[in-house]
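Asker: Sequence:
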Amino acid sequence: MVAREMCVRTWQGRGRAIRCLGGSRSRMGLMYGLLLALVLGGPGIASAEPPARMTTLRDFHHTAWTQKDGAPSGIWAMAQTVDGWLWLGTASGLYRFDGVRFERQDVLPVDSTASRSISVLQATTNGDLWVAYSFGGASVRKASGEILHFFPGGLPQGSPVESFEEDGDGRPWAITPQGLYVFEQGAWSPGDLGWGLARIYWNALTRDRSGGLWVTGDGGTYVLRPGARRFERVETPGLTLWGMWLVHDGTFWKADDQGFSPLRGPGLPEPSGSAPVSPFQGATSQDTLFDRDGAMWLCGCVNAGICRDAKPSAVGKPFQRRVVTGDVFGARDGLSSDAAMTLLEDREGNIWVGSQLGLDRFRRNDVTAVRFPTHVNYFALIADRDGGMWTGSATRLKTLDKWWRLDAEPVLVPGIEGEITATALDTDGSLLLGGSEGFWRFNLGRIESLSRPEKEHEQRIQAIVRDAAGKLWVSFRASTVYRLDGDTWTPKGGIAALPDLPPARAVLDGQGRVWFGYSANQLAIMEGPRVRTFTEAHGLRTGTVTAILPGETTLVGGALGLAAFDGERFQPLQATRPEALTGITGLLETKDGTLWLNGHAGGVRIAAEDLRRALKDSAYPMPVELFDMNDGMPGGAQQVRPLPTLVEGGDGRLWFAAANGLGWIDPSHIQRNSVAPPVVIRSVATGDATYASAPTLHLPPRTRELRIAYSALALGMPERVVFRYRLHGVDDGWKDAGQRREATYTNLGPGPYRFQVMAANEDGVWNEQGATLDFEIEPTFFQTGAFIALCVLGTLVALWLLYALRLWQVTRRLRMRLEERHAERERIARELHDTLLQGIQALVLNVHVVTSRLPAGEMRLGLQSALDRADDMLTEGRDRVSALRDTRQGQDDLAAAFTSLMRDFDEREGPQLRMVVKGAARTLEPLVADELYRIGREAIGNAFVHSRAREVEVSLLFEPPELRLCVRDDGSGIDSATLDQGGRAGHWGLRGMRERAAKVGGRLDIVSREGAGTEIVVAVRADRAYLRHPLEGWRRLLRPWSGRR
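Take my numbering: the final residue in the sequence shown is number 1120, and no numbers are missing along the way.
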């Protein structure tokens, strides 16, 4: 099995090596091997602590903006105000930046002839921004938006401000060539003679953590304590200081003719640890910067735009700017320009560089990229049994592919040249390495070349695993998997149930089972000679299985997703960002249960509690944290091989093999941005007009479409800021806008609105207060309340007119019907009178003549009695005919009609008649008036003829709810049997009255007792009885204002 053996010794990995060939196991060879293990820290000697490696500028995420990106050029000064805006002072004026868009801000009036070139910016704790101009004068842009100008305003005429600073009491101070000035009570005044200083030129202003203001120059170094009105002198060692800087531990660094060095001495601040957490108080740029980690940043370095010293205190003596040459960054590295002019650290810890050609940002990465001396990719990662990390590569160029120990920097291990496409940790702690050109065992610096199947001499090895029985299994590309028995390689280990395909991934689980992952949604579990094969029919839809994580619930990943295996079936898992679960070639779980994977999108972190929930409910979308190129990851996960692409080292770091390099993450030191991003509403656009945001905004009439632009002042990773917004009265709830920075609404009507927007930074910290915009869309005339009222009024008038017309039409038809009825009655009356009554009269006369000729006797008396009854019948018939021809029934005044009727009855002998009217008389519906008149006439007639009453009273009651007609007499009454039967047999008077009452929707009641009189009452509802006037509704509406009741 052993073809050759070699031992190698190296010094610091620099290529000085001694190689021993052949099968010799001499003492010298063993010594060399042990020396290699000691130098490289080989298997068995790895440290559990991450190796110390100095962070350099190339470990930062760098972004540059120039004029092609909308950035201004000639950036001389920068500041960040407490509201989060980054301000840029340039040769052409003032700009602000939200991380995405540059926006010019005119401070000076449009008609001002003063130079707009800015030399200094200062952000103060109250939110103000001071602007100093290159040719003298200053302005302040207050937090409220008000702008004040000082030309000179107490400042020396034509003399530029060279630096600003704010003391602990909130007073701005300025250094000019004419001396020190202070701003109090709205004006600038000299800040030297009255404050205990000489009127000389001062070099620098700075403030300590306690709020003390320090000034230094040829006259010495002084401090103004908070609350004091005079400066105190502080002795400083050495030469005159031309610069002072507050550093991360609360002390000062100085600059003098000897160079940069710490400033120590009596009366000077002592180290006090890192700066305490406090509300952001603004930041101002300078050409030398000490960041929150203690690193020193400098502009104007030798042959570069900027340079950085991660531990300047380690120098141990003063040093010049030109000495810092190791960690430099210039235009050749992507800096906007080598002419860097100013530096600023913002509230999130990002470092900003202003240059002659644009703006640069340096942001700390969570992923550290591994830098190799030559370009290599397709990494075969493996951790030894003590957690030491090793890698080979498959760049396909023999001269580039090497074997490396991953330490603070990669350490080359000579002896293996050629691609490595698969690795495995063997049971004895050695590392098994395979590629297209060889198969090796690496152990304690010893490299053994292992045999391969004869048929697979040039095939790439893509998976290696040793089973529970100690048998070695190796998968060869474009072939199949082999088992090694002694010196014999057996295809598929002689197990026919295994698929013929070569597995892409092979893993041994804790139960001694071997898992083989294949292409085309296939997976096999081998337990001894027994094999279970799973396919898409079992829910496996990950594509090629390239990642397997055995456990209580085994997870399987591939090109198409992630799935959980419950022992029988695979269940796909979901994520809030589906693309994060594709192209998975690396999968592991850390000790705290966190799931990490490497896929197309980059490194992905899933919290343990979210994974547990998803395993119980596969429909649950797991929140994911993504680590991609914005975090320093060198691309998405490498695909196909070598696998796996994610390995945990013994120090807890996670190593990711990406498409364009190798990177690692220390999960215990992931940076978190706890700053909730300030949210601003930039503008409101309607059609072609754009309006600046204001507390209340009035938009013109006919505004139908609205575009509201908003932003979040998260300067570090604005591309990961997400928003949600709502428009009260339009949106039912919050709308998730993702990374979109504009909200659009259409078809908005006039009226007041309130728009709210909130944002979350890259770590999900929400600014729930957000920003609010109140605006109102002015109505057009036809959208005003007055117009709507006129429309309503016009509609009501039109409806009333239509109602009046309809009422007139109905009334006209009723009158025509009544006239037709009256004409028909008159015709019937004429016919009765001219035919029946005249004929009966003639017959009576004839009988009377015959009777007069008869002799006296019973027969004559009988005929005379019959003739008397015939006369009575003729009289009653004439009365009926007269009633048919009576014209008073059509009168609208029912009371007058009854009065006229009573006069006719008064001419006869009978009871006394009396008419009573109660309530205000109302015009009646013609049909109702006619029917009531006939009911009343019938009742009066009955009382007059049959009741033998002394008095008959007719009452008309005009009441709001109803109209009532009452006919009451004090006669003999009607017996109860007649009332129960509804009238006497052959008589139709009572029945006729009931029918007439029912015809008009009325109710007729008869109350009578024998000997106690009779009362007949007819009641008709007001809406049926009273004729409504077309304007009656308006009269009723206007009655309260007319003074009438």
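One or more of the hints may lead you astray.
[As the list claims (entries may be wrong)] Each computed BS3-like pair below joins lysine-lysine, with the alpha-carbon atoms no more than 25 Å apart:
hint : residue 1 : residue 2
1    : Lys-691   : Lys-666
2    : Lys-567   : Lys-530
3    : Lys-546   : Lys-567
4    : Lys-530   : Lys-473
5    : Lys-546   : Lys-530
Calculated from the structure, these hints are not laboratory results. Because the structure is a prediction, the values reported are computed rather than measured.
Asker: Would you mind marking each hint as holding or not holding in the structure?
Answerer: Hints, one by one, checked against the model:
no. : hint               : in the structure
1   : Lys-691 to Lys-666 : 21 Å, holds
2   : Lys-567 to Lys-530 : 14 Å, holds
3   : Lys-546 to Lys-567 : 12 Å, holds
4   : Lys-530 to Lys-473 : 22 Å, holds
5   : Lys-546 to Lys-530 : 20 Å, holds
In the structure shown, no violation is registered for any of the earlier numbered hints.
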